[in-house]
Structures are given as structure tokens and as C-alpha cells.
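Visitor: Start from the sequences, fold in the hints, and give me the full structure.
Number of protein chains: 2
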Amino acid sequence: MDQQLRELKNRFQPGDKELFHSVLARIGDKWSLMVIIMLSKKSQRYTELLDNIPAISRRMLTVTLRQLERDGLVHRIVHADLPPWSEYGVTDLGLTLREPVVAIAEWALDHREEILSNRESFDDSHAD
Amino acid sequence: MDQQLRELKNRFQPGDKELFHSVLARIGDKWSLMVIIMLSKKSQRYTELLDNIPAISRRMLTVTLRQLERDGLVHRIVHADLPPWSEYGVTDLGLTLREPVVAIAEWALDHREEILSNRESFDDSHAD
DNA sequence: CAGGATCCTGGTAGATACTG
DNA sequence: CAGTATCTACCAGGATCCTG
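These protein sequence lines map, in sequence, to chains A and B. What the first sequence shows, in the numbering used here, is residues 129 to 256, in sequence order. What the second sequence shows, in the numbering used here, is residues 129 to 256, in sequence order.
By construction, these hints were calculated from the structure, which means they are not laboratory data. One should not assume that every hint holds.
[Unchecked claim] Covered stretches of chain B, going by a simulated chain A footprint (3 or more residues, C-beta under 8 Å): (1) 140-148; (2) 172-180; (3) 205-212; (4) 239-253.
[Unchecked claim] From chain B, some residues computed to sit far from chain A (all C-beta separations above 10 Å): (5) Leu133; (6) Ile165; (7) Ser185; (8) Arg186; (9) Arg187; (10) Met188; (11) Thr190; (12) Glu215; (13) Gly217.
[Claimed, not checked] Below are the DSS-like pairs computed for lysine-lysine, each with C-alpha atoms no more than 25 Å apart in a straight line: (14) A/Lys137 x B/Lys158; (15) A/Lys170 x B/Lys145; (16) A/Lys137 x B/Lys170.
Backbone N, C-alpha and C fix where the C-beta goes; we use that ideal spot for every residue, glycine too.
Guide: Here it is in C-alpha cells:
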């Protein structure tokens, strides 16, 4: 075990395994990452997000936004005008998450060919 | 949109959205991260992993290992001795993934209290 | 406009039993 | 020892319809 992992392990508390999983599962689900990226560009209202994120349904946009809001990554401002409208944006906490997430996205790009080729040869050699 | 995101976007290719998702979904699932962490410490055989990862079932260990192997993050060496045994370890590619993943884990630890408190107050204010 | 409610489906994961 | 096979349970996610 190297230094980096050792330091990480020294900070472990009970429940951190669940914390890691909940955080990774959040950005690993189908829409959260896309929503965070869109809102990082600029704050947007519900319908804008619906238009800008291809193929997302109203239900999943709502569900995803609520989960992100629950963790404090995204905030919602409801305007009581008529017709009523609401605006979403990333919080300060959400902004801090962007750096490590972009790092993973860059990792995926850097190793794009390698990953895809690995999958291909694995599937070939395991085809029945 | 800031510089970091712009550079990332310039490198987009068709299919990258799916690539991001497949990579994030992999480390965001229930067991992959734990398996990668265990194998980063040292190469281990199947039964060792089974013992070292609390509550994982044989089936899910096998499934998880196969998926990681498919992406080329983990390699398997099968020894044909009697009784036969196999050994798993992280590949060079898997090692490069560790840095950004540890970054996210550290983010989760750094903002542990904030996240948990956000969830609590959100749940309180939405309790019916 | 921005959702909530409901129903349905496919895939992830667990339990259990069996095998080269 | 290191898996496979099968069956089942559950939940994320999609489709559709309804509302303040």
C-alpha cells in the first residue's frame, strides 16, 4: 500500500464506505453528471435543462435534480411569479466536485482507445 | 464555461457521453471500487478477496471481476496446478485510474460533514 | 411552467445449489 | 479452489397522465 492510500485510510471513519458509494453512485448514475456539467456552464431553468439534455424525461430530470439538491450540489430558486418558474444552479460545494469529476472524464478520454480495444478483444475471446 | 471545461469539450468525440457513463457507472456500482482498492494494495486470489471484502457474494465478486477485466483494469492469471487457483491484480491501466478515483474519495472525506448535514436538513424540510 | 402520481419494465444484486 | 446456474427481489429509469 502506498503513501497516498495510507493517508486516505488513516482518515476513515465508520460509514465512510457508504459515503464513498453514495457519492460515486450519484455521479455514476445516468443523468447527474450531465446535469452538473450543464449547470456548471450557467444557471438554467427547468425547461432549458430539458431542452439541453438530450433524451432526458421530465421525471428523471426532476428526480435527478432533487437528489443533487439533497446532497447540496445544486440549489433551486423558485420564483412565485405568474407563470411560476424556477432556476437551478450549482452550489459552491458542487463547484468543488467539478475538479475531481473532470479528472475522471479526462482519464476516460486519455484512455479511450485502450478501454474500447480492451472491451472488444475481451468480447471477442469470450464469444460463445 | 471556463477554460478547463472548454478544453475538455474540444476533445469530445461521438460516443464519449456513453464512455463517460460506462466508466463512471463502473466505479459507481456497488463493488468495483472496493475490489480495485483491495487489489491496489496487493494482488490476491479469489478466496482472499472474498474474505477481505465484507458481505460480497461469490456471484457478485465474479461478475465484478469480469467487468473490470473486460475494461482492462484488472488482470487474471489462472494457474493450472492441482488444485487450480487464480490470482487477480490491477493492470497498468487500472493503476492510472487510481489517482482520479482517490481524488474523489478525498473530496468525499473533505466534505463529509457538509454532505451529511445537507442531506439531514433536506430530509427534515421534506418530511411529510 | 414545473412538476407530482402511477404503472410498468429491464437490469443489478442476493440466495442457494451445483461443478471442473 | 474457483467458479456456474438458476431463481427471485428490488430499484433505477421510462411512459403516460394529471395538477397548482
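Visitor: Does each hint hold? Answer for all of them.
Guide: Hints and how they fare:
no., hint, in the structure
1, 140-148, "holds (count 5)"
2, 172-180, "violated (count 0)"
3, 205-212, "violated (count 0)"
4, 239-253, "holds (count 9)"
5, Leu133, "7 Å, violated"
6, Ile165, "7 Å, violated"
7, Ser185, "16 Å, holds"
8, Arg186, "19 Å, holds"
9, Arg187, "17 Å, holds"
10, Met188, "14 Å, holds"
11, Thr190, "13 Å, holds"
12, Glu215, "18 Å, holds"
13, Gly217, "14 Å, holds"
14, A/Lys137 x B/Lys158, "19 Å, holds"
15, A/Lys170 x B/Lys145, "20 Å, holds"
16, A/Lys137 x B/Lys170, "15 Å, holds"
The structure does not agree with the numbered hints 2, 3, 5, 6 stated previously, though it agrees with the rest.
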